[in-house]
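Visitor: Okay, here's what each chain looks like letter by letter:
Protein chains: 2
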Amino acid sequence: MPKQPKTAVSPTRVEDYAEWYQQVVRVSDLAERSPVRGCMVIKPWGYALWENIVRELDDMFKETGVQNAYFPLFIPLSFLEKEAEHVEGFAKECAVVTHHRLEKGPDGLVPAGELTEPLVVRPTSETIIGDSFSKWVRSYRDLPLLINQWANVVRWEMRTRIFLRTSEFLWQEGHTAHATAEEAIKRTEVMLDVYAKLAETHLAMPVIKGRKSAAERFPGAVDTLCIESMMQDRKALQAGTSHFLGQNFAKASDIRFHSPQETEEYAWTTSWGASTRLIGGIIMSHGDDDGIILPPRVASAHVVLMPIIKKSETEAEVMAFTESLAKELKDQHYHHRRLRVEIDNRNIGGRGWDWIKKGIPVRVEIGPRDIAENSVYMGRRDKGHREKTAMKREQFVREITHILDDIQQTLFERALTFRKENTIFIDESKLFYDFFTSKNQEKPEIHGGFAHSHWCGSEGCESKIKDDLSVTIRCIPSDAPPEEGKCICCGKSSDTRVIFAKAY
Amino acid sequence: MPKQPKTAVSPTRVEDYAEWYQQVVRVSDLAERSPVRGCMVIKPWGYALWENIVRELDDMFKETGVQNAYFPLFIPLSFLEKEAEHVEGFAKECAVVTHHRLEKGPDGLVPAGELTEPLVVRPTSETIIGDSFSKWVRSYRDLPLLINQWANVVRWEMRTRIFLRTSEFLWQEGHTAHATAEEAIKRTEVMLDVYAKLAETHLAMPVIKGRKSAAERFPGAVDTLCIESMMQDRKALQAGTSHFLGQNFAKASDIRFHSPQETEEYAWTTSWGASTRLIGGIIMSHGDDDGIILPPRVASAHVVLMPIIKKSETEAEVMAFTESLAKELKDQHYHHRRLRVEIDNRNIGGRGWDWIKKGIPVRVEIGPRDIAENSVYMGRRDKGHREKTAMKREQFVREITHILDDIQQTLFERALTFRKENTIFIDESKLFYDFFTSKNQEKPEIHGGFAHSHWCGSEGCESKIKDDLSVTIRCIPSDAPPEEGKCICCGKSSDTRVIFAKAY
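Keeping their order, the protein sequence lines are chains S and D. Under my numbering, the residues of the first sequence are numbered 1 to 504, in order. Under my numbering, the residues of the second sequence are numbered 1 to 504, in order.
Excised from the complex, chain S in its bound form (with noise of 0.2 Å):
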């Protein structure tokens, strides 16, 4: 076999993709593990990119009208316990506050102030919510009541992954009140938009939007939406989703309102949120055997400036135009945000890898040379490492914009068309099974891709198939055609095809 080409991560995707990850997230300077068991620190490079995620998404729901709140991190045991579903979902993995301070053993410190109730660590919020809108909501005029908070949150996962699943990650939950469930079910679709967008448009992460099946449902909801994306071992990844709770979650907080009518109701409450996990997605989505790609939309920055000093005597020449250039594209808009620019004057071996591997759309190097005739060097973090195009500095500065443009495009299509590629419609029970089975010596990783197949809608089938094969139904898709046709599983008729997957 012919000896691979030199990367900059190794193992590569093809060799161990689950590795890879790990070493993506490793040499892009996004995260790393923590000494607190599950829990990640992120690093700047990687901060930056959630901050940009979080304005885009944040600009995103104060247009639908959402206000942003912020709720205890603690949530009472006797809270949890209201809606029986939803602590039952969230019971095997809630970090328990049982005391509140420290007094000294034998052997050192101990947890000392026992807690009469103890305290959950929020792993979500619609109880605690719940009992806020409780007491915010008396009549019709007040509602809708659309809230969202930005914050941490607490799941203890005994197998992690950082961003993919990790015991503290960062996200937003939006928790809205309505007055009849029609209204609360459209508050879900709008959100569901928004996610959509967010990945598609800012994320270059192409979506199928749906529902779950009841079995894959948010513990408490009546409807799960979610957006749904493939990632490169061809598994999906939920990027997003969003809950229509019925009044299950009013009744359990007791969150009722005087309606026009005279009459007193519960009202129908919705949740829906995001998380870190979207940096996993775009690791997954664009990541190549270099290291990230970061979408431009969303780069914890645009465009390095490496000056190339080799003597002194050129080095002020060489620093000053590096200087001014880089002030010449800050003062530039990118979609509303300014250029994110950065200086790399490190005099080392290597420097141009850092930044492949970080994943910035655009390097630029500058050198004497191209100073000279006014120009700089500029590579693509969407095209191979080698392919660098000189050119005019002004030229540069006026198409930079087009170029991010360019490279987000081409991320998104790279991703759409892998999809596609990946994307079967699967009638036989025997070749679904050889679908997320077969071996291939090449890629030893293979999770087949999204099956669309026919399903009867039993909770028995969907649990077969994911007994057998790790499978499991992602979503329903909004856009599905009814459609008459045989389960996969158990040959019954369907009159709609759902996508199979194995899924993070």
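It is possible that part of the hints are untrue.
Identical copies carry no separate label here, and so any pair may be met within one copy or between two of them.
[Unchecked claim] Straight-line Cα separation of at most 27 Å, DSSO-like style, residue types lysine-lysine; simulated pairs:
{"id": "1", "residue 1": "Lys6", "residue 2": "Lys492"}
{"id": "2", "residue 1": "Lys104", "residue 2": "Lys251"}
{"id": "3", "residue 1": "Lys251", "residue 2": "Lys197"}
{"id": "4", "residue 1": "Lys251", "residue 2": "Lys392"}
{"id": "5", "residue 1": "Lys92", "residue 2": "Lys104"}
The hints are simulated quantities; they were obtained by calculation from the structure and are not laboratory data.
Take the given structure of chain S and dock chain D to it, following the hints.
Guide: Then chain D, alone, in the frame of chain S:
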């Protein structure tokens, strides 16, 4: 005695200052108590204020080269114990996680899955961030390391008051590491200047910069710098602190680097923080007996437009005028941010009072008569509620940013005048004791004010004054000139005055 004029807040500041504070928090719709002991719910109007404070502070941090990151919520007990003074300072107020799931017991769910090592919910993050720093720092080339985290922290307080002292609060904590003590000390000063600028320029709160006495230092710090502001009850509020930690935490967390001389050295570290407590400071600096007064630079919104709709035939016209005016205003910038405009078209009595209580800087009424004259009827929150001005629409649009600046300036000057009027230089012990104990029939809650007096530097004198009067040394002002004098407590010689006051 003449009857008090009717006010929106009852009791007034003079009648019962502490209760006035709680009532302002309530009527201004900023926040409320939660069912979780000592924790608050920050409502949308309060959270928007916090978001604006965050934005200003974050921009200022980044201008000084600071990068944001995120570290775990939980700190292993063994980490906290690494710095002896530090853990001593926080042991009495730590929320402790001891279990990681819930199980069915005979009377409902009970904590299960006991952790081998308890986890403390961060009261501050020196030790957990120090662990990361110990991995990130190898060489002097890695320094300085300038990191900030926006986060929630928990300090289990026995007596809580919303914004001022809550078990959970939101804050930022900056953590830096340097190669030299001088550079670290310089950083603590730079960050103190950032806090002073935030307070004075954005919050309209005049502050005094200084350093804490040893007794008032952050647990584990070598030196604590602070800004202190006078509230309307003449008590001091510490509005931000910046700590020089020497090598104490570097030794505890093993943050070492190779110097240019090839020796291995411990780094010099700093930390600095400001929190949602600042909102309490805004309330008590500017609030009056009608509610809060928001400083325009950080106000949740700048202008509310209130269309007056008395007849249905004029409704469309009035609303069209209102909406076009809102759009025109929103297109304007006020100190690099867009103008924040609310429309309140509720047809209810007391609408104007709601906005007075919420402290919006400018209220505008728009009725058919105003429209006929192409004018608006404007009230400023820094003036009496009856004092309103008719202005041509064009003039209002042209002048709104100047009006906001003028309100900002008025608030600052009022607070500065108040502080000056209640600041005194005292050299005699009896006068000092009188200053902090004198009773006044009209104002029962008298806390003296700021007393600039000499102090010999002994902890004995400091604690005697604290025991006798509940008065503490707020700071040794940065700009205090050297001056010979005698300690206000023991009469021994002193070379500088310090500021004594009661404090929050």
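Visitor: Evaluate each hint against the coordinates.
Guide: Going through the hints against the structure:
Taking the shortest alpha-carbon separations for Lys6 and Lys492, neither the intra-copy value of 52 Å nor the inter-copy value of 75 Å comes in at or below 27 Å. Taking identical chains as interchangeable, the C-alpha atoms of Lys104 and Lys251 lie at most 27 Å apart only when they sit on different chains, with a minimum of 23 Å there against 45 Å within one chain. Taking CA atoms no more than 27 Å apart as the test, Lys251 paired with Lys197 passes in neither setting, with 33 Å inside one copy and 48 Å between copies. Taking identical chains as interchangeable, the C-alpha atoms of Lys251 and Lys392 are never at most 27 Å apart, the minima being 66 Å within one chain and 52 Å between chains.
Taking the closest pair of Cα atoms, Lys92 and Lys104 come within 27 Å of each other only across two copies (11 Å); inside a single copy the shortest separation is 31 Å, beyond that limit.
Figure legend: structure checked against the earlier numbered hints; hints not met, in rising order: 1, 3 and 4.
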